[in-house]
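Please construct the entire structure, taking both the sequences and the accompanying hints into account.
There are 4 protein chains.
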Amino acid sequence: MCNRLLLLLPLVAAPVGAADDVLARVAAHAERFGAVSRQIWETPELGFHENKSAALLEQELRANGFEVRAGVANMPTGFTASYGSGSPVIVLMGEFDALPGLSQKDEPEQAAVTAGAPGHGCGHNLLGSAAALAGVAIKEELQARGLKGTIRYYGTPAEEGGGGKIYMIHAGLFRDVDAVLAWHPGDSNRVNLGSSLANNGGRFRFYGVASHAAAAPDRGRSALDGLMIMLNAVEFLREHVPQETRIHYIITNGGAAPNVVPAFAEANLVARHPDSQVLDGIFERIMNCARAGALASGTRMEFEQGTNYANTLPNDELSAVLGRAMQKAGGYEYTPAEREFAGKLQATLGAEVKRAGPEHVQVDKSEPPGVASTDAGDVSWVVPLASFTTATFVPGVGAHTWQAAACAGTSIGRKGMLVAARTLALGAMEIYENPGEAAAAREAYRKRLAGRKWTSHIPADGKPPLDYATK
Amino acid sequence: MCNRLLLLLPLVAAPVGAADDVLARVAAHAERFGAVSRQIWETPELGFHENKSAALLEQELRANGFEVRAGVANMPTGFTASYGSGSPVIVLMGEFDALPGLSQKDEPEQAAVTAGAPGHGCGHNLLGSAAALAGVAIKEELQARGLKGTIRYYGTPAEEGGGGKIYMIHAGLFRDVDAVLAWHPGDSNRVNLGSSLANNGGRFRFYGVASHAAAAPDRGRSALDGLMIMLNAVEFLREHVPQETRIHYIITNGGAAPNVVPAFAEANLVARHPDSQVLDGIFERIMNCARAGALASGTRMEFEQGTNYANTLPNDELSAVLGRAMQKAGGYEYTPAEREFAGKLQATLGAEVKRAGPEHVQVDKSEPPGVASTDAGDVSWVVPLASFTTATFVPGVGAHTWQAAACAGTSIGRKGMLVAARTLALGAMEIYENPGEAAAAREAYRKRLAGRKWTSHIPADGKPPLDYATK
Amino acid sequence: MCNRLLLLLPLVAAPVGAADDVLARVAAHAERFGAVSRQIWETPELGFHENKSAALLEQELRANGFEVRAGVANMPTGFTASYGSGSPVIVLMGEFDALPGLSQKDEPEQAAVTAGAPGHGCGHNLLGSAAALAGVAIKEELQARGLKGTIRYYGTPAEEGGGGKIYMIHAGLFRDVDAVLAWHPGDSNRVNLGSSLANNGGRFRFYGVASHAAAAPDRGRSALDGLMIMLNAVEFLREHVPQETRIHYIITNGGAAPNVVPAFAEANLVARHPDSQVLDGIFERIMNCARAGALASGTRMEFEQGTNYANTLPNDELSAVLGRAMQKAGGYEYTPAEREFAGKLQATLGAEVKRAGPEHVQVDKSEPPGVASTDAGDVSWVVPLASFTTATFVPGVGAHTWQAAACAGTSIGRKGMLVAARTLALGAMEIYENPGEAAAAREAYRKRLAGRKWTSHIPADGKPPLDYATK
Amino acid sequence: MCNRLLLLLPLVAAPVGAADDVLARVAAHAERFGAVSRQIWETPELGFHENKSAALLEQELRANGFEVRAGVANMPTGFTASYGSGSPVIVLMGEFDALPGLSQKDEPEQAAVTAGAPGHGCGHNLLGSAAALAGVAIKEELQARGLKGTIRYYGTPAEEGGGGKIYMIHAGLFRDVDAVLAWHPGDSNRVNLGSSLANNGGRFRFYGVASHAAAAPDRGRSALDGLMIMLNAVEFLREHVPQETRIHYIITNGGAAPNVVPAFAEANLVARHPDSQVLDGIFERIMNCARAGALASGTRMEFEQGTNYANTLPNDELSAVLGRAMQKAGGYEYTPAEREFAGKLQATLGAEVKRAGPEHVQVDKSEPPGVASTDAGDVSWVVPLASFTTATFVPGVGAHTWQAAACAGTSIGRKGMLVAARTLALGAMEIYENPGEAAAAREAYRKRLAGRKWTSHIPADGKPPLDYATK
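Protein chains in written order, with the working numbering: chain A, 1 to 471; chain B, 1 to 471; chain C, 1 to 471; chain D, 1 to 471.
What the hints contain is simulated information worked out from the structure, not anything from laboratory work.
Because the structure is a prediction, the values reported are computed rather than measured.
A couple of the hints might just be wrong.
[To be verified] Calculated pairs, PhoX-like style, for lysine-lysine (alpha carbon to alpha carbon, straight line, at most 20 Å):
id : chain 1 : residue 1 : chain 2 : residue 2
1  : C       : Lys471    : D       : Lys344
2  : C       : Lys344    : C       : Lys354
3  : C       : Lys105    : C       : Lys344
4  : B       : Lys471    : A       : Lys471
5  : B       : Lys344    : B       : Lys354
6  : A       : Lys365    : A       : Lys447
[Stated by the list, open to error] If we take Cβ atoms under 8 Å as the criterion, some of the chain C residues that face chain D in the derived model are:
id : residue
7  : Ala27
8  : Leu197
9  : His212
10 : Ala214
11 : Ala216
12 : Ile250
13 : Ile251
14 : Gly254
15 : Asn259
16 : Pro369
17 : Val371
18 : His400
Heads up, the beta-carbon is just placed ideally off N, CA and C, and yes, glycines get one too.
The structure is reproduced here in structure tokens:
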């Protein structure tokens with residue numbers, strides 16, 4: 001009931017300054033791209049399998065005059081869409097992959113559409129659609145005003161672990177880019193110099209010797225023992241790494257049958273830290289835990305590299321541009337029905353919410369440490385990039401929850417998406433109008449890079465792990 | 001190559017005493033039931049899914065004059081086949097389920113027919129076929145000599161964990177039975193008073209609270225933590241249970257995604273001990289480990305009852321009958337090709353084999369402790385039952401190995417199967433000829449039971465877990 | 001050699017403003033109390049056993065006209081020393097206990113005076129002496145100027161875990177106090193609104209059943225198993241508590257003989273968090289881990305309450321007083337010999353030191369989270385209290401290290417101690433001169449308290465655990 | 001009360017065959033050596049510190065005409081006592097060390113004489129005294145009858161872990177010995193071909209990096225973590241070693257203070273198995289667990305060799321001699337007071353006792369696997385040795401318990417001791433009378449040795465760890 005109401009509510013934009021033509025263009029396409037975001041939300045697809053989602057966005061951009069190149073960097077769902085020529089070259093990034101197991105209706109109580117199926121718990125249905133909406137508005141504005149420059153939309157698959165952007169970096173797609181303007185769904189409208197966590201991870205595989213677990217357990221060497229000794233050791237590690245570190249894992253194979261000593265076992269582990277270099281040191285200690293598990297259990301261990309994202313380098317200059325843009329873009333207000341939905345959802349959070357509402361816009365120069373990881377971090381090591389969040393989720397709702405998945409399908413999500421599109425459009429236009437800002441962004445980037453060089457444990461072999469989310 | 005040779009070799013029976021008409025009848029059907037065993041070997045089916053295997057055996061028995069009742073005890077692949085009337089009522093039991101992951105060609109090196117597919121690593125293709133072969137011979141002999149009594153074949157599904165026989169006990173199918181003659185494939189021809197291990201097990205499920213593992217791990221309560229704390233505690237238990245105890249487990253669900261604190265985790269655990277009552281005490285301590293895991297991790301634990309087999313009560317009287325029968329039945333000798341196959345297979349065992357060859361028959365009154373578990377154990381608590389093994393596997397080869405699966409498809413397996421059929425036929429005939437032995441067997445059973453009563457944690461609700469092997 | 005040089009170096013105070021008579025009084029007694037600090041450093045005594053240290057300070061204060069009451073709050077080494085009458089009542093606190101195992105010479109390399117013996121790794125020899133020096137100077141100044149008010153010195157034993165101050169609170173010794181001015185040795189001169197970590201801890205005792213570990217391990221129930229299952233579970237807890245939490249433990253009894261299943265085992269565990277209330281929740285989860293250890297191992301668990309210190313509530317008003325005082329007090333400079341000593345010591349730290357030198361004074365309103373715990377925290381919940389550190393240790397040196405113990409015996413430690421005495425004296429005099437500040441401090445205290453009430457798990461039964469450091 | 005009664009009860013020997021002069025001699029000295037056993041029981045001394053106990057036994061043997069050599073093999077409490085000359089050379093072994101923490105009154109309820117003090121929980125006060133009593137009787141008999149041969153008493157210290165006999169082997173003291181007749185206190189009178197468990201063990205020491213556990217846990221590397229990861233791994237090992245294996249450990253150092261990351265931690269671990277060679281393989285896997293603990297925790301591990309005892313090789317010939325001797329020696333009966341004492345003690349055992357009483361003598365050729373370890377095992381690898389037990393403890397009472405320590409001080413213990421002395425005396429006399437038996441024993445020894453050679457991880461450097469029991 002509730003969701004139907006929300007779905008039909010008009011997408012009312014916040015009041016707009018008179019001269020802002022690009023905002024009018026955003027408003028003109030808002031309903032269409034809101035519907036696009038809803039369509040992607042209704043067909044959630046896992047990383048590298050976003051066939052419908054990518055195709056829909058490609059089609060919309062093509063229909064609006066972009067030149068689309070599909071299947072870039074050996075990724076069937078990776079694409080670029082481009083308009084204009086010459087610099088400044090500005091890239092908007094669109095993610096559209098869903099998360100496993102987070103299927104959820106657009107209701108304020110936990111209810112899967114299909115139990116166990118994927119869902120948009122990170123709001124990427126909005127992410128990719130808002131960027132496309134902004135891209136179309138910018139293109140029209142550039143065209144109308146005859147401004148020099150290139151606007152591009154990069155369809156970046158598999159942000160949730162597959163690292164589509166890293167393959168696009170390796171493929172050289174960021175080489176001529178002046179600035180990347182990025183955003184992510186969140187529970188408030190906010191621009192600052194926050195970063196993301198570097199992460200590194202992969203699959204630890206143990207190989208032992210099978211044996212009948214009742215008749216001859218002493219002749220077996222348990223791969224699961226090796227894995228558990230490793231993981232127990234990792235738990236002991238927690239006390240002795242910097243407190244900002246995160247280490248989390250699941251066991252993806254814990255043996256075939258209880259009456260057989262497991263000859264194979266596997267865990268998928270991810271570690272994170274605000275600094276890629278510190279993380280490398282911690283990860284080597286995790287590797288030692290894995291080696292110890294094999295040594296102590298008489299088994300063999302193999303590691304398969306998985307996700308490896310760098311932390312995001314903030315860009316002071318582009319961040320200032322986006323701060324100005326968001327202040328102009330403004331927040332939004334809940335309708336009574338949305339307020340009711342928000343209240344019900346917050347009641348499920350188990351803690352009082354003390355965060356600013358969607359009508360607020362927060363812009364400052366703080367540098368909050370990240371709490372999540374993204375392959376946008378790697379992009380920030382190779383070109384100037386700034387990022388922001390908007391209130392697509394009810395205040396207090398975190399990413400990767402059913403509550404986030406619910407919001408992403410409602411008018412609340414679409415209003416937040418509109419704030420994002422408006423901010424991106426205004427931000428980009430400021431750069432086109434003042435090309436010096438691209439140079440300043442480049443300088444700010446160099447300063448944060450401080451002579452370091454981007455590296456990644458993900459090999460530059462152009463072979464994305466297209467089955468990573470389903471194997 | 002090798003296997004083709006073996007497949008074509010004639011099944012030469014050991015020399016037979018003159019008056020043993022029933023052995024001649026066994027010989028007459030040997031080739032047909034050898035082919036049946038091979039056909040079942042070629043289409044390995046998991047417990048409760050033995051549709052082709054059960055249908056084939058039902059059809060053979062029906063064609064040979066048995067009255068077949070299919071789908072007994074709410075099990076689609078459970079059936080009874082009966083001939084004759086009145087007592088003594090003798091039951092031969094036929095198992096025919098395969099084991100997951102043991103797909104294997106009939107070659108002396110590890111090579112799956114289909115990687116990851118089931119295979120007959122416990123030789124049940126031979127087990128069910130030998131019993132059917134014996135049944136047909138006995139039926140013909142009873143018929144020819146006009147002897148009083150009933151011969152039955154019970155098709156008992158899902159011995160590997162599903163406990164088909166227990167549902168048949170609950171359904172009353174053993175109430176009027178005088179004696180059960182059972183056998184199992186092994187690596188030697190042997191009759192003694194050995195037992196099997198009682199076992200008990202099931203699925204331990206932990207339910208926690210999901211949370212983003214990087215952003216808010218402190219708000220999550222990890223179901224996997226609960227499981228690992230439980231399993232670690234179980235490891236500490238090992239030192240403080242009788243050394244004959246066996247506890248083994250696999251982790252069947254270790255979380256959904258590394259970046260989400262697992263809200264669900266599950267292990268499948270089995271414990272065993274030579275005595276059901278001691279095992280109950282140990283299992284309660286394992287339950288305490290599980291409760292402790294939940295308590296320490298702030299999660300919730302649920303237990304779903306799985307396999308629960310009693311230890312086998314030996315029957316001194318029936319065992320003596322089978323001993324005499326096997327001595328008359330005799331062993332068998334390898335052909336040169338079989339000898340070569342056996343040598344190659346033994347070379348893969350990693351240890352010198354010091355066991356008697358298939359030409360030997362071992363009969364004594366020793367009571368070796370069991371190393372495996374079987375639902376035949378439960379049957380032995382409700383009616384007189386005795387059991388033996390024959391050399392279907394090359395000496396040194398243990399059950400639940402690829403080597404066993406390989407043997408079960410060769411002429412070696414079929415020669416061992418023939419020893420079994422001959423022993424069953426001779427043993428049954430001795431009882432029909434001397435009905436007093438049924439009473440003696442009943443008395444021997446009462447003595448071993450010693451006033452105890454069979455109980456099972458598997459509920460008498462007539463709802464077999466038909467999906468246990470595939471879920 | 002080096003230390004002898006350092007010992008003989010004159011204690012040169014930083015330049016002093018003309019009118020600051022109290023600073024001249026500090027200077028007049030500096031050499032004497034420097035020697036007192038050295039004498040305490042040479043006879044390090046564990047908590048509640050500081051007999052020589054307390055007696056020496058009592059004697060010095062008595063000799064300087066203080067009225068001394070020894071053995072307060074049922075603690076032989078607890079005492080109060082008082083001069084003057086009426087309000088404002090200002091308390092300076094003196095700690096003087098050493099740490100086990102930190103015996104160290106006053107040299108820049110690790111070298112115990114007596115291996116395994118206690119040492120002043122927290123610089124409490126300086127702490128108690130500086131407060132006494134300031135107390136004497138303040139007393140003389142009050143006397144000379146005929147100012148109204150009371151200056152007290154509280155000799156507070158056993159800060160390192162025994163919680164002497166808590167027993168003094170329970171004994172009512174803080175009831176009429178207006179302000180407590182506290183300090184602690186550190187590696188820089190610094191006043192801010194920093195806090196300390198609340199802590200809570202004690203001894204977890206497991207009781208099992210002994211048995212011969214080879215002959216009948218199954219009849220034993222291992223207390224050590226219970227303890228290890230608990231501690232393993234605690235390791236899993238680390239991921240799911242706020243990252244500022246600290247949990248650390250030692251095993252104080254891990255069994256009597258390897259061939260006996262341990263009937264007793266014990267750990268001493270401490271947990272910390274910036275907020276007492278959050279800590280209480282975390283500690284309850286640790287208790288659940290302990291209960292789980294007992295449950296899973298079939299043993300019994302008992303908890304004996306140990307240290308429980310509240311976090312420090314900052315006092316904005318008194319902190320401002322101390323900030324002004326320290327700016328007037330000034331820092332100090334190294335002599336060439338001290339500089340050499342500092343350089344050698346820093347070279348042992350294994351990391352480049354990026355901290356301000358002792359010539360700097362840092363005063364701000366930042367609120368850095370604490371990294372250690374102190375029973376001064378509890379005092380701050382019952383009366384206005386502010387605290388600061390001075391550079392008694394070479395920059396980069398942390399408390400509870402041999403490097404800190406070395407510094408505490410040198411002229412570097414004594415120079416830092418002089419900065420502390422000067423700051424305390426100036427701060428106290430400002431309050432005596434402006435009694436309104438006491439009321440303002442009370443108001444600031446009420447604001448930070450925010451209606452909460454001090455509680456402690458340490459019972460108000462007046463029975464300090466006098467043997468806690470030696471049992 | 002009760003014990004006083006028991007103490008005063010006359011030591012009534014079982015009826016004796018007429019011609020057995022040596023038994024009359026045993027009877028003549030029984031009261032004196034009973035008192036000796038009581039005196040040693042009243043002054044329990046730990047291994048290598050048995051100064052009073054050894055001195056008392058040396059004095060008694062010297063007084064009875066033995067030539068005593070004290071302080072052999074660099075052990076102050078090791079000694080030999082000899083009478084006669086030439087072969088056969090028969091050795092009786094006397095142990096006299098107590099166990100830590102087993103102080104116990106001679107009452108049927110747990111009550112320490114001195115809490116925490118040592119006690120004779122293994123009955124070695126009886127062991128050494130019975131052998132001395134037998135030695136004196138044999139000496140008198142040899143003397144009276146002018147028989148050729150040598151009788152020796154070896155005072156072998158520190159059987160409980162110190163391995164006194166191994167140092168005596170290394171010192172060549174067994175080179176000219178024909179037969180060793182050994183016994184051990186037990187709960188029944190029994191001769192068979194039982195063995196003991198080989199054992200191996202020592203101290204695993206971990207060295208980490210200390211750090212303040214609250215301020216900088218990430219800079220610490222916890223030695224205790226290394227130890228716990230090792231020990232957790234050892235728990236996982238239990239499933240995958242032969243079930244007769246025993247692995248047990250205590251933690252002898254688990255850190256110094258909870259607020260310091262432990263830089264040192266230590267465990268004392270012992271492993272056992274019926275076969276020395278299999279044990280060596282298992283111990284290497286335990287070493288791998290220790291290495292894994294160091295690797296995973298970033299610490300360093302050192303191993304200090306401790307106890308290493310071989311399993312006992314049974315001697316068929318000497319065992320037959322002892323069997324005949326015990327049958328002649330006979331058991332004994334309880335007085336009413338002893339029966340009451342026994343009943344009360346058994347009531348504390350928590351399980352019904354189903355063992356034969358002390359009036360029974362059990363002699364057979366069974367080969368029960370051992371449940372404990374002894375350095376008599378090593379002796380059995382270098383010379384013919386046989387052993388037996390007598391009922392010095394109430395049936396059902398195991399060694400290393402307070403119940404055993406209680407019995408060892410009562411008339412029950414002394415009656416059992418008398419059975420032992422009678423058996424030893426009769427056995428030795430049979431050999432002196434039939435010297436061919438010594439050669440037969442040598443042949444039986446060679447057969448069991450089967451070409452193997454005695455080795456020990458305890459170095460032949462003649463430096464016994466005299467402080468092993470007290471450090």
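Results of checking the hints against the structure:
1. Only pairs whose Cα atoms come within 20 Å are accepted, and Lys471(C) paired with Lys344(D) is rejected, the gap being roughly 36 Å.
2. As the CA atoms of Lys344(C) and Lys354(C) are separated by approximately 16 Å, the hinted pair is consistent with the 20 Å bound.
3. The suggested pairing of Lys105(C) with Lys344(C) holds, with an alpha-carbon distance near 14 Å, which does not exceed 20 Å.
4. Proximity of Lys471(B) to Lys471(A) is assessed by CA-CA distance (about 18 Å); at most 20 Å being required, the pair is judged to hold.
5. For a cut-off of 20 Å, the pair hint linking Lys344(B) to Lys354(B) stands: about 16 Å separates their Cα positions.
6. Our distance criterion of 20 Å between C-alpha atoms is met by Lys365(A) and Lys447(A), whose separation comes to about 16 Å.
7. Restraint check, Ala27(C) versus chain D: the minimum CB separation of about 33 Å is more than 8 Å; hint violated.
8. The closest approach between the C-beta of Leu197(C) and any C-beta of chain D is roughly 6 Å, which is under the 8 Å cut-off, so the hint is satisfied.
9. The beta carbon of His212(C) is positioned within 8 Å of a beta carbon in chain D (closest approach about 5 Å), and the interface hint is therefore held.
10. With a cut of 8 Å, the hint placing Ala214(C) at the interface with chain D holds, because the nearest CB-to-CB distance is about 5 Å.
11. Using the Cβ-Cβ criterion of 8 Å, the hint placing Ala216(C) at the interface with chain D is satisfied: the shortest such distance is roughly 6 Å.
12. A least Cβ separation of about 3 Å between Ile250(C) and chain D falls short of the 8 Å threshold, and the interface hint therefore holds.
13. Interface restraint check for Ile251(C): the shortest CB-CB distance to chain D comes to about 3 Å, inside 8 Å, so the restraint holds.
14. Because the beta carbon of Gly254(C) sits about 3 Å from the nearest beta carbon in chain D, less than 8 Å, this interface hint is met.
15. Taking 8 Å as the C-beta contact cut-off toward chain D, the hint placing Asn259(C) at the interface holds, the least distance being around 6 Å.
16. Violation of the interface hint for Pro369(C) is found here, the shortest Cβ-Cβ separation to chain D being roughly 11 Å, above the 8 Å cut-off.
17. Residue-level restraint check for Val371(C) holds (minimum Cβ-Cβ distance to chain D is 4 Å; threshold 8 Å).
18. Interface restraint check: His400(C) against chain D, minimum CB-CB distance 5 Å, threshold 8 Å, status holds.
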